[in-house]
Amino acid sequence: MKKEENKFVTKDIFINAIKDSICKLSLKTQIKNPVMFVVYIGAILTTGLFFGALFGYADAHAGFIFGISMLLWFTVIFANFAEAIAEGRGKAQAESLRKAKKDVSAKKLENPDRNASFEMVKSSQLKKGDIVFVKAGEQIPADGEVIEGAASVDESAITGESAPVIRESGGDRSAVTGGTTVLSDWLMIRVTAEAGESFLDKMIAMVEGATRQKTPNEIALQILLTTLTIIFLVVTATLYPYSVFGVEQSGRGEVTSITALIALLVCLAPTTIGALLSAIGIAGMSRLNQANVLATSGRAIEAAGDVDTLLLDKTGTITLGNRRASEFKPVQGVSEKELADAAQLSSLADETPEGRSIVVLAKENYGLRGRNLNELKAKFIPFSAKTRMSGVDIGADEIRKGAADAVKSYVESKGGNFPKSCQEIVESISKAGGTPLVVAKNNKVLGVIYLKDIIKSGVKEKFEDLRKMGIKTIMITGDNPLTAAAIAAEAGVDDFLAEATPEAKLELIREYQQKGHLVAMTGDGTNDAPALAQADVAVAMNTGTQAAKEAGNMVDLDSSPTKLIDIVRIGKQLLMTRGALTTFSIANDIAKYFAIIPPLFVGMYPVLGKLNIMGLSSPESAVFSAVIYNAFIIIGLIPLALKGVKYQELPADKLLRKNLLVYGVGGIIAPFAAIKLIDLFITAIGIV
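Numbered per the working numbering, the sequence shown spans residues 84 to 771.
For the record, the hints were derived by calculation from the structure and aren't laboratory data.
Any given hint could be a false lead.
Straight-line alpha carbon distances no greater than 27 Å define the calculated DSSO-like cross-link-like pairs of lysine-lysine that follow [said to hold, decoys possible]:
id : residue 1 : residue 2
1  : K218      : K174
2  : K527      : K646
3  : K527      : K539
4  : K535      : K420
5  : K205      : K218
6  : K218      : K190
7  : K102      : K174
8  : K535      : K503
9  : K102      : K726
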């Protein structure tokens, strides 16, 4: 996805948001937000009262009613504006995605053979299961999986990253996305999505908010806000007959006008958070999209904020992913150079990062240079999952390197001996967190290559920050328990799962969930699909298999294993923002209560003047000031709702205390000061 501009809101987004604010004044739209619907009805009623006042049918003067009516309409429009701004940012992201989505011609094959007959069809006509052939310079017409070939692919239209990536058949880099471009070679692709259901289509719908559903916490909060509004509605409704009764009994004062009571209801209802609630949710989804993550479920980002257990793959997340040869450890009677020479020969055809590092280490430490493979007449033995070894045959010499138990079985099957000293070296390397590769030549064990996992810089500090937030980190690795324990200790994770299998991952997630924990994990392979389906927050890599992407509830376009940590932060920031603004909104009501109630009833009960601690000029100015503040505080809080409160890595109890202190106490103090200043201003210029 194209990265969003640094500007918070562009001119186009601002202008479109103003237009949308007016369009959203329809009854059908307003009724979706119960709190703001009350304000909407209040605006309509006061507008009616204003026209009544023009013909002498009102309980307050026309200027006062008109002012309140306009302020209530502004309150509704400002709430619409907050939501429209959030939606506008999403629409801008969607527009950049649409540019990548083109209806291109595709070469549809009759069968999975690059030389098979084909027909040219539009990409919109492709169906799930169709086979297409794409060569260098052509755009991939639809989402799919590579079934043959390997090529570099430009995914910048989707991810925003200019560096091309490799996509190939088999393994966990087989998934391709429609709208990306093949830069070299060719790919044969099986389409995995129907027209209109592609990854880009889903992403466009998500960033536009078209498929955004309210999350459980958001629904629960809205129920609470609606309940509070109903309570205030009932209380306010009883104040009019009480006012009539009070005036008759006391013989002084005036009956409180319906306009003033409507204004009181709007001010006491939690309109601030009611106006911003939708914008907070949309902005949270937008921040996730900016991180190049597509949430296929609205619940996912909220669940990310509640996660307390993270399952992290060792390779690529905690370590750099490329183990490096760091030392040659020969057995007794063998020199280091002899071991290095055999290790280098066995690795000359090994194009893995580990193999290349062995060649480099032997060259740098022992001056062993490249060999003429043609002269050697070498026959290389590739690595296989079955033998767990690789090597080379040069004339009568057989050199093998691989896992300790595999080489041991190989040597002993040839009549050789696996020395005890070699086993001791293997165990010491494993305890240190390294990976031992045993080297044997002509059925004689020469020694062990020490492959070291390189821990990523700053990872330990990240895990410490997560621990402060009450999040437990668990490293998932296929290494043996000794190696896993050493790496876990060096990285600073809380626990680890060694020799991990798909079944073991699934069982671990279920175990934590049964204890009441919310679990997040990442995965990219078909073997990760069961665990991803079980996890509360499941982030599938975009480069991964279709099965993994379908099992997860988020897809990381960058395919970065460390993205899970960022997702948790975004989720927590969303919950923090919602909690902070809810606290601020409810705290505001206390100040508005003291601003309006005492001046309204002080005529009947002079003793209430003691509660007019702000010293507001008159009942009309008190109501005006409170309603003005109530409307414009929404505009003032829009940037905070969209950007989110500052993220801090603190436990939930400390965050709660801070919110209560900053947004609770601040929410009480701010209206007192603001309403008093507004009162002084409107009194000075003679509005009331």
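Hints versus structure:
1. Under the criterion of a C-alpha separation no larger than 27 Å, the hint pairing K218 with K174 is inconsistent with the structure, at around 32 Å.
2. Simply put, K527 and K646 have alpha-carbon atoms about 46 Å apart, too far for the 27 Å limit, and the pair is violated.
3. Using a Cα cut-off of 27 Å, the hinted pair K527 and K539 is violated, with the two alpha carbons roughly 37 Å apart.
4. Among the hinted pairs, K535 with K420 is consistent with the structure: their alpha-carbon atoms are about 20 Å apart, no more than 27 Å.
5. Distance check on the hinted pair: K205 and K218 sit about 16 Å apart at the alpha-carbon level, within 27 Å; holds.
6. Taking the CA atoms of K218 and K190, the gap is about 10 Å. The hint holds against a cut of 27 Å.
7. The hinted pair formed by K102 and K174 meets the criterion: a straight-line CA distance of about 14 Å does not exceed 27 Å.
8. Taken as a hint, the K535 and K503 pair is honoured in the structure, with Cα atoms around 22 Å apart against an allowance of 27 Å.
9. A hinted pair counts as satisfied when its Cα atoms are at most 27 Å apart, and K102 with K726 qualifies at roughly 22 Å.
The structure is inconsistent with the numbered hints 1, 2 and 3, although it conforms to all the rest.
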